[in-house]
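Visitor: One letter stands for each residue in the lines below.
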Amino acid sequence: MTKQEFLRQLKTELESNQIRNISDILADYEEHFNHAQVNGKSEPEITASLGLPVTIAQAYKTDHMIQEIKNTENKFQWSLAINIIGRLIILAPFNFIVLFIPGIIIFALLTAGWSMSLAIGSLAFGILWNLPSLLNISSTFWMGLAGISTTIGFFGLGIIGVLTMFFITKHIVLALISYLQWNLKFVMEK
Amino acid sequence: MNAQFKKGVLELCVLTKISRKDYYGYELVEEISKVLEISEGTLYPILRRLTDEKYFDTYLQESSEGPPRKYYRITKLGKESQKELLAQWFEFNGQIEKLISKDTL
Numbered sequence: 001m002t003k004q005e006f007l008r009q010l011k012t013e014l015e016s017n018q019i020r021n022i023s024d025i026l027a028d029y030e031e032h033f034n035h036a037q038v039n040g041k042s043e044p045e046i047t048a049s050l051g052l053p054v055t056i057a058q059a060y061k062t063d064h065m066i067q068e069i070k071n072t073e074n075k076f077q078w079s080l081a082i083n084i085i086g087r088l089i090i091l092a093p094f095n096f097i098v099l100f101i102p103g104i105i106i107f108a109l110l111t112a113g114w115s116m117s118l119a120i121g122s123l124a125f126g127i128l129w130n131l132p133s134l135l136n137i138s139s140t141f142w143m144g145l146a147g148i149s150t151t152i153g154f155f156g157l158g159i160i161g162v163l164t165m166f167f168i169t170k171h172i173v174l175a176l177i178s179y180l181q182w183n184l185k186f187v188m189e190k
Numbered sequence: 191m192n193a194q195f196k197k198g199v200l201e202l203c204v205l206t207k208i209s210r211k212d213y214y215g216y217e218l219v220e221e222i223s224k225v226l227e228i229s230e231g232t233l234y235p236i237l238r239r240l241t242d243e244k245y246f247d248t249y250l251q252e253s254s255e256g257p258p259r260k261y262y263r264i265t266k267l268g269k270e271s272q273k274e275l276l277a278q279w280f281e282f283n284g285q286i287e288k289l290i291s292k293d294t295l
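Same order as they appear, the protein sequences are chains A and B. All residue numbers for the first sequence refer to this note's numbering, where the first residue is 1 and numbers rise by one. All residue numbers for the second sequence refer to this note's numbering, where the first residue is 191 and numbers rise by one.
A portion of the hints provided could be inaccurate.
Capping the alpha-carbon separation at 16 Å, the derived lysine to aspartate or glutamate pairs in EDC-like fashion look like this [to be verified]:
no.	chain 1	residue 1	chain 2	residue 2
1	B	K260	A	E30
2	B	K260	A	D24
3	B	K266	B	E220
4	A	K11	A	E45
5	B	K211	B	E227
6	A	K41	B	E220
7	A	K41	B	E217
8	B	K260	A	E31
9	B	K260	A	E45
Since the hints were made in silico from the structure, they are not lab data.
Given these sequences and hints, build the entire structure.
Guide: And the structure:
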């Protein structure tokens, strides 16, 4: 590859990845060519040791993405996390394939967990709602007490469930982001 | 030490070299690629990121023997980061050393 071809390809790649300061970046590589040529290297030699423009553009993109993820580490924002995961999956279809089956399983488990804790919570309200009629049928003091304690018990279980699920979901999302971050770093290496 | 590790090593090399003296891009790439097998083109993104993170500042210098050179100079923030990475590196090295020497005994 010649210098012109390399720079043109790099420019195209950077543009398609919406990298900022493209002319500054290209100037760095132009300077690299100039110095290498002064040191007696040919254009094909130089481009060969630089690596592929697509790989280099990927590295700039990677850094850009990682900077964004790093910002979210300070305060966790659900919408931002979901947005980033979406963008990363679109940028690296590979991730989508790797994450697809485990993703479905984890998503199913999370949904099941959330439904269960919400169901237990609703059950508490259900019992509370039906308590008057239950008491009418067999209105002993102990039945009433049992009904109320069951309500409180289920209600507590529901709250514990919801809190646990919130905790688990948050950590899974954070783990997913870390994985993607690692994955993007990996792409950068030769 | 984990996934950050590999990223950190190259970053540590770049930071350490530039903490000792100012380098221009090509000079630094040459020195590092003499020792480590890397795609030379991927060092510039690191230089740019570290500059963006205010670890380096840059200045342009004309040279009598060739094209103008964009020099990288370490900042106070960069020095702090270099020290931290170096400490982590030694800690990690020490741990691995322990592990390996036990295993080989």
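Visitor: Against the structure shown, which of the earlier numbered hints fail to hold, in ascending order?
Guide: 3, 4, 5 and 9
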